[in-house]
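**Student:** Now for the letters of each chain:
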Amino acid sequence: MKKTHIIGIVVIAIAIGVIMTTAGDASAYVAFEDAQEMAESGNANKIHVVGKLPKSTEGEIYGIQKSPDMMSFSFQMVDENNRVEQVFHPNPMPTDFLRSEQVVVIGSYQNNRFVADKILLKCPSKYQEEGIKT
Amino acid sequence: MIHTGIGNIGHFLVILALISALITSYSFYQVGFGKDGERWKVFAKATFYLHAGAILGVVVTLYLIISNHYFEYHYAYNYTSAILPVYYQISSFWNGQEGSFLLWMFWNTILGIILMNTNKNWLGPMMFVFSVTQVFLVSMILGAVFGDIKIGSSPFLLLRDVINDPIFKINPEFVPEDGRGLNPLLQNYWMVIHPPTLFLGFATTVIPFAYAVAGLLTGRLKEWIRPALPWAQFSAAVLGVGILMGAYWAYETLNFGGYWNWDPVENAIYVPWLILVAGIHTMIAYKKSGAALKASFIMILSAYVLIVYSTFLTRSGILGNSSVHSFTDLGLSGQLLIYLLVFLGLSIGLCVWRWKEIPTSEKELSAYSREFWIFIGATTLAMMGFQVIIPTSIPVWNEIIDIFGGNSNLAPPADQVEFYTKFQLYFAIVVAFLSGTGQFFWWDKIDRKSLKNNITPPIIISLVISTVIFSVAKITDPLYIVLLVVSIYSIVANLKILSGLVRKNFSLSGGSIAHIGIAMMLIGILFSSGYSKILSKNNTGLLWSKEFPDEVNQDNLLLFLNEPRQMADYSMVYKGIRKLTKDYGFVDVNAVSSTDGPLRLIFGKKTTTTDNKTFLPGDTTEVVNMENSYFEVEYAKLDGQQFTLFPRIQINETMDMIVYSPDINRTLRADLYTHVRTIPDPDQETTWTELKELKVAPGDTFYINDYVAEFKEMVTLTEVEGVKLEPGDLAIQAEIIIQGEYQNYPAKPIYVIKNNMAGKVPYIVNDLGAKLTIESILPEENSFVFGLSTTQKDWIIIEAVEKPWINILWTGTLLLVFGFSVAIKRRYSDFKKMRDKDME
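Listed in order, the protein sequences are those of chains A and B.
Residue numbering for the first sequence follows this note's numbering, starting at 1 and increasing by one per position.
Residue numbering for the second sequence follows this note's numbering, starting at 135 and increasing by one per position.
It should be emphasised that the hints constitute simulated quantities derived from the structure, not laboratory data.
Idealized CB from N, CA, C, for every residue including glycine.
Some clues are possibly wrong.
What the hints assert, rightly or not - Partner residues are not named here, just some residues of chain A that face chain B (Cβ under 8 Å, in silico):
1. 6
2. 22
3. 28
4. 48
5. 52
6. 53
7. 106
8. 122
Claimed, not checked - Cut-off 27 Å, straight-line C-alpha distance, at most; resulting in silico cross-link-like pairs (BS3-like, lysine-lysine):
9. B:421 - A:3
10. B:667 - A:46
11. A:2 - B:356
12. B:882 - B:829
13. B:747 - B:716
14. A:2 - B:966
15. B:175 - B:356
16. B:739 - B:716
17. A:2 - B:829
18. B:927 - B:709
19. B:927 - A:66
20. A:118 - B:556
21. A:3 - B:583
22. B:586 - A:2
23. A:3 - B:490
24. B:422 - A:2
25. B:927 - B:846
26. B:356 - B:428
27. B:175 - B:966
28. B:356 - A:3
29. A:118 - B:667
30. B:966 - B:254
31. A:3 - B:254
32. B:428 - A:2
33. B:846 - B:826
34. B:490 - B:428
35. A:3 - B:428
36. A:46 - B:556
37. B:284 - B:169
38. A:3 - B:586
39. A:2 - B:583
40. A:66 - B:739
With the rest of the complex left out, here is chain B (with noise of 0.2 Å):
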């Protein structure tokens, strides 16, 4: 049955949510600028509130199509299925754009909601903006048609108004019975919380946007900067965690090595937060000294707009060239367009309907003065970003020349990683240049003698740490040396600056401890990608492949299953193929005889796994997915250390999917990456080498695939699996004992005479590439013939490298974090108690 009484219902709310987004920008805009603005307020706040309401039901009844399984809808169909378990069912709900687009404005009526309740004076100027650009990101998913317009993609679909089968055309009622499932790439826990965080770093951008805005509008020049700047350091936190878990994820799933890819998609939302990060500093400027305050409204409504044309570039189908990420393209991009083009042309027009009346200082900016360094410094990473988002945006210059009639064919750099990584190098070292000194200005009047005796210190105890580190690490890029030693240089410059602020004032403390997490963070980088090492350096002077490049030829080791392998200092076995159970950890899949549904696995063997729970044959048990087997590879080191990695592989048949997911091995001093870069082909047959006659009696030893093998006895069988046994028949059985590497296996071919006919029942030990047939029976010499036939034992491609000290980023980030939470706690509470004296 197809229930399309809760798609209506989501509709209809869908409708609510954008004519109580349009009430209440009317409403705020009367509340700010109206004559009887007081009048309004109530009313204001009250449709603001019933938006909310109606936001909430559109995500409450998306959740429940989805959670429910009404697979005649398109995005339950196209991204869940029955048997997702519920934290992935959540993450499915913004695996569309539209869910995404609906995580965003969700995130903004609970902000909305926070604004409203924290504002006095501000109310109606600035959350008439803030319903303005709700309006927009309702319209996304309104999926309202108009003629040749359409206006939005609604989640609401049923599945028959979108995807033309014939099936609908016999009967229209047809409900698929399951659906094709979460993408096996956003299966993953940081795909649970990652898209949540980065949706409420983009709505939070909308807030110092609207107070600027609202400053412009209303004439307040210089007001907006105080309730601005706490939501901008919040902003830019959370943004820049999103950012870091969305590397983090990629670090986990993807397999190209590691965290950052410089595509498209990421420079998108790298470039905003660099400017948020950049407006805060001029912001703080400002209110240290008045200066910086044009700067801070550019860089603000920058940042705000550059979060737009991430939108756009994202979500429009512009990238589909240049990205690694494929994007459906919604046919929204026109109405992006208009998004993008109203919010810049605002911004653009109020600033120069205002430039003149917004103060300057006219004091010549003193290179002892520490608005001077905070400028080049906000400069400096304003310059970063643009240097990120000229060759990201190719595509778009394409676009414009053609439009102008031109034809152009620029391409971005084929080498991404490289050529990013080349300029922003230079920008890393003069941002830890910069934001270790620009602290000494920060906090004391200082004049150039005071300066030299207070960086002094700093100075040489950097270059002696750094000497230290760069002669035991053994660092020989000079660029790598110089950031090295200027990161040192930060993080000591602002400990001592920490180290006396703990004693005075904490709160004041948070600018040297985000300093810090930065420096940090760049040294990790510095580290774990200058040098990340691959470990699985070919050594056998083999090639795998003669048609492979060298680079994949030496970077990669052969592992045949339970054959020992030397890889720098570990030496390690693969142990076969497992499947994840969902309680008693991983468990050899050559045990598992058959599945019962889609989440059971029935064991035919008797087996341990890894968390020692013994399962015997016609035992069952739950696994947490069917679709993902476990490469398990055991690494020893040569100081006795052990560990085991267990790299995933997933097939995904219904999406054509096989995703290789890394395992990785964390020590405090490096992790050690490794990922199966490939797997025979399964799909394709086993082939058997010719038949090989043993002639073997009883008790007797020898030798199978280069394993000793016990013939222990013959035994007659009364039963045989598949065949009717009937009285002057025959079926008699081997018990041989094969010894393994690290296990005996048991061998036990059939012979049967059925009607004076010989049948022959095969025994296949898979672990060691073994197929064992009885061929006859010798009765005169008490003994019995075997046939033998091996092929290739099971293998995988393995590449491993060692990221070092890859902690130090991560560290790095919490202590930025850390650092953002102290300032923001603080200037909110500025602004707090100026709103509490009503001047806010």
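Okay, chain A solo, but in the shape it has when bound (with noise of 0.2 Å):
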């Protein structure tokens, strides 16, 4: 056997590794309910979940508390099944947040209450951006 197919079947066995754990490791995007149902099970693992901010009519964003002390908030968020979750985040607000037309939160149920470790958000696209401030 030449060096090279040796060199070749270790570069597969590590690629179908690395596949393998990619797969193992990924998180899932999942909706509120399965992520709470994951959590019954004793399932630890943290999930994404994607969503909205709840506006009122008038377009204002409603449902975030802010502790007192501004380290922690939380919010109300609408998954894709229009479950609405409060969600709590132990950090501060992040930037944008307000302006988001789409939030996914990283995290788990703990203790009955979605707790998210991170949250990412997708801002509006310049195009369907509306008003000017002055």
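Hints given; two lone chains; assemble the complex.
**Tutor:** Here it is as structure tokens:
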């Protein structure tokens, strides 16, 4: 067997390993309901939930509670199945949070409360932006 | 007034740039492949100059729109404001995607001009490929709409055409007075130089690619290596520096506490860099021995395709659900995908077409040959990139599965840092080991015995050094120990080679210098990240809040104003909020009474800045940025060493953004990184305690919120601000001095009797959290009743992290660049010699 063949086999083995571990360590995009089921069945893996912040008819975002010390805040979020859930984030509010058109929270249910370790924001495309602040 | 002219000029120049790029591509095709190549040459070059001029024109036009504050243009409105200093006007230029594409194209034109003037035989085919890439880039800012199809996003759009606001119905000529301003995160000097460097790196990757494609097209399958190699090295050096500048910016500006976060955006550019470096290695192996030519093609073609792929990932919006960076989707995803697929298809197609013709070396690779080791090294780098790009592309896999009717809800790993570090650490160990060992094969024809002789001393030396280090630094993690040992081994081994080379021929030493740099970077990363230590451990036994997870409660310190607290070896005090003046350092915000315009402070009290400039009431001075406030935190080490840090908060109301940035105390051994986690909510009203009455006579000493206060005297006032005194009215003011920890504070509450009605003007001492009023006068006892209410003192919660030996990382980076420079010089002179002999 030539050495290049051995190298080839090793490379393929590592490549397969990489793909397997990627699949194994990957998180998932789920709805709140599934996330809750996971937590209840003892699965503590962190998952992604995609959703939006609820807006009143005047376009104001509601349901945000800042803690007095601003170290954390909680907010309401509507997932893709339209379930509304209170989400707690143990960090100050991310910049741009209120402008976001979509939020992704990464975390899990802890004691029946969704705790988001990380929040990803998707800001509106500039062609959808409305209104000028003067 | 709306300046439509300048936008039309800009738009015209974009169209001119696109057309000239098309003509240039065609002309260079004729130069390279046509029958009359020579005759096309002058014309092709001339059209490229025209194209370069058009791009320069577009850049100047956009810059003029920004610097003249034409806020009727969306670009100026959205990214700039009237008060931006010139250097931030420059960085706002590439705040938008259009501007950053422009930057990329601009570098391409400069590089194109250099290439046209340094190439002979390669001119036609290489510049043909080069110009075609430019066509794709220019199309990204074209801004043409054909029915439903939009090609490119123009930077010259008027605000009224972009934003839907009722005001434009009332007054189409409306021009906002000011723009939204530059994103606070980008208001940093690194953002002035990081993007140009990074995009120069992006732009240069096309050069080796263009040579490789030209080689495939013309069938000169071996010769392209020589001219491509110095450019590949230049590209890797610039791209590497650009990436690290970004890392350094993140370290200084963002507050995640490090310099690398394995975010998709970072990964997307890290991978092509790795592949490019792998390509450089296979190219060198080919030049030495004729092996690895096919691998060189694959690596160099992949590197550019991966650059296009990273552009696709970061700008198409596909990462929207997986990256902390918020991308605005310009609707260019289709166009970017075409760009990607064209170059991917082109690369694969050409390789398949020529595959059989590409020479390979028939020799079996010997384990004692340098080619073997270089090849293993390049393979490791490629695998390293593969391990990163597969998970980073998860959103892409999901899309592909969706296209085929499937449904995948796979998300990237929740803890990216942990996930990637886990794997990259093993690869790093292999890289360090190979970069040390490979060098021995490099310079000598070697057999088993001489290898043993050569390799033994470095192994022994590095084991000794490592033992000393990990007994002193108390490293226990076995993987870290291995990484440390191999990295030191790599340094020692390369130093040995270097010492030999310096005497013989310094110009050959680029490789060993660069490898020392890499090994130092690994050691720097190992210590600064692996042993980054949180100093701000909460040792008070109190929870800051029951709501918080343990991590937040344990790793942060609450500092009340002027109250010293112990942290690790430091005693620290929060001294208050400061503003940064333009010329005189930091100034106490309590001394500022009001502002004049967006940049000028007016002082109400006498104060001295950190640069020892004294201001009197009524003086004014200019600040750098009114949005910024700084928290003065004074550190004193037990050994007497003292320093002050000013972590920053930037509150940008137009963007609803609050940005906390760290301040870093740098010493040779470690960085002390401090950032503020949170402050009291500025919008929240102060809650005062219930009023407490104190009976005091002039000359008495009493206590205010635990501070000693002396009531000096009561003076009669002839005027009181905001109150019109008439005959028969009375106003008195108490003169009180309170002794604070670091300074004395005056307190001057006022009591007014007007029309037989009593009025009280309270005096608030912010630093002490105290409010004083005069409640009543007791003439028979010659004393007064003061009312005192108190509130919580100002506070901040901070996190302080020690990053040991981070300087080794930065030093290693500089060495890497230096090594690359030496190598580039050598390889470029190789090419020049051949070209001047008319071989190339």
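**Student:** Would you mind marking each hint as holding or not holding in the structure?
**Tutor:** Hints and how they fare:
This hint is violated: residue 6 of chain A has a C-beta 10 Å from the nearest C-beta of chain B, more than the 8 Å allowed. A distance limit of 8 Å between C-beta atoms decides the matter here; for residue 22 of chain A the minimum to chain B is near 5 Å, and the interface restraint holds. The criterion of a C-beta within 8 Å of any C-beta in chain B is met by residue 28 of chain A, whose closest approach is roughly 5 Å, and the hint holds. This hint holds: residue 48 of chain A has a C-beta 4 Å from the nearest C-beta of chain B, less than the 8 Å allowed.
The beta carbon of residue 52 of chain A is not positioned within 8 Å of any beta carbon in chain B (closest approach about 13 Å), and the interface hint is therefore violated. Of the supplied interface hints, the one on residue 53 of chain A is violated, with its beta-carbon coming no nearer than about 13 Å to a beta-carbon of chain B, more than 8 Å. The interface hint given for residue 106 of chain A is met, as the beta carbon of that residue sits about 5 Å from the closest beta carbon of chain B, less than 8 Å. For residue 122 of chain A, the interface hint holds, the least distance from its beta-carbon to any beta-carbon of chain B being 4 Å, beneath 8 Å.
In summary, the hint linking residue 421 of chain B to residue 3 of chain A is supported, as the alpha carbons are separated by about 21 Å, within the 27 Å threshold. Among the hinted pairs, residue 667 of chain B with residue 46 of chain A is consistent with the structure: their alpha-carbon atoms are about 25 Å apart, no more than 27 Å. A threshold of 27 Å between alpha carbons decides the hint, and for residue 2 of chain A with residue 356 of chain B the separation of about 25 Å falls inside it, so the pair holds. Of the supplied pair hints, the one linking residue 882 of chain B and residue 829 of chain B holds, its CA atoms being roughly 16 Å apart against a limit of 27 Å.
A hinted pair counts as satisfied when its Cα atoms are at most 27 Å apart, and residue 747 of chain B with residue 716 of chain B qualifies at roughly 12 Å. Pair hint residue 2 of chain A plus residue 966 of chain B does not hold up; C-alpha atoms about 38 Å apart against a cutoff of 27 Å. Between residue 175 of chain B and residue 356 of chain B, the direct Cα distance comes to roughly 24 Å. Compliance with the 27 Å bound is thereby established for this hinted pair. Under the criterion of a C-alpha separation no larger than 27 Å, the hint pairing residue 739 of chain B with residue 716 of chain B is consistent with the structure, at around 19 Å.
Among the hinted pairs, residue 2 of chain A with residue 829 of chain B is inconsistent with the structure: their alpha-carbon atoms are about 99 Å apart, more than 27 Å. Between the alpha carbons of residue 927 of chain B and residue 709 of chain B the distance comes to roughly 12 Å, so the proposed pair stays at or under 27 Å and holds. Proposed proximity of residue 927 of chain B and residue 66 of chain A is supported: the alpha carbons are some 20 Å apart, at most 27 Å. Between residue 118 of chain A and residue 556 of chain B the CA atoms are separated by roughly 20 Å; this keeps the pair inside 27 Å, and the hint holds.
Between the alpha carbons of residue 3 of chain A and residue 583 of chain B the distance comes to roughly 21 Å, so the proposed pair stays at or under 27 Å and holds. Restraint check for residue 586 of chain B and residue 2 of chain A: satisfied, since their Cα atoms lie roughly 25 Å apart, inside the 27 Å limit. Only pairs whose Cα atoms come within 27 Å are accepted, and residue 3 of chain A paired with residue 490 of chain B is accepted, the gap being roughly 21 Å. At most 27 Å may separate the alpha-carbon atoms for a hinted pair to count; residue 422 of chain B and residue 2 of chain A meet this at roughly 21 Å.
For the given pair, residue 927 of chain B sits about 25 Å from residue 846 of chain B by alpha-carbon distance, which is consistent with the 27 Å threshold. About 10 Å separates the Cα atoms of residue 356 of chain B and residue 428 of chain B, which keeps this hinted pair within 27 Å; it holds. A hinted pair counts as satisfied when its Cα atoms are at most 27 Å apart, and residue 175 of chain B with residue 966 of chain B qualifies at roughly 21 Å. This hinted pair checks out: residue 356 of chain B and residue 3 of chain A have alpha carbons roughly 24 Å apart, not beyond 27 Å.
Our distance criterion of 27 Å between C-alpha atoms is met by residue 118 of chain A and residue 667 of chain B, whose separation comes to about 22 Å. The suggested pairing of residue 966 of chain B with residue 254 of chain B holds, with an alpha-carbon distance near 10 Å, which does not exceed 27 Å. Of the pairs offered as hints, the one joining residue 3 of chain A and residue 254 of chain B is violated, with about 40 Å between alpha carbons and a cut-off of 27 Å exceeded. Only pairs whose Cα atoms come within 27 Å are accepted, and residue 428 of chain B paired with residue 2 of chain A is accepted, the gap being roughly 18 Å.
Between residue 846 of chain B and residue 826 of chain B the alpha-carbon distance is near 20 Å, which keeps this suggested pair within the 27 Å criterion. Between residue 490 of chain B and residue 428 of chain B, the direct Cα distance comes to roughly 10 Å. Compliance with the 27 Å bound is thereby established for this hinted pair. Under the criterion of a C-alpha separation no larger than 27 Å, the hint pairing residue 3 of chain A with residue 428 of chain B is consistent with the structure, at around 17 Å. Taking the CA atoms of residue 46 of chain A and residue 556 of chain B, the gap is near 18 Å; set against the 27 Å cutoff, the hint holds.
The suggested pairing of residue 284 of chain B with residue 169 of chain B is violated, with an alpha-carbon distance near 37 Å, which exceeds 27 Å. Taking the CA atoms of residue 3 of chain A and residue 586 of chain B, the gap is about 22 Å. The hint holds against a cut of 27 Å. Proposed proximity of residue 2 of chain A and residue 583 of chain B is supported: the alpha carbons are some 24 Å apart, at most 27 Å. Proximity of residue 66 of chain A to residue 739 of chain B is assessed by CA-CA distance (about 35 Å); at most 27 Å being required, the pair is judged violated.
In summary, the numbered hints that this structure violates are 1, 5, 6, 14, 17, 31, 37, 40.
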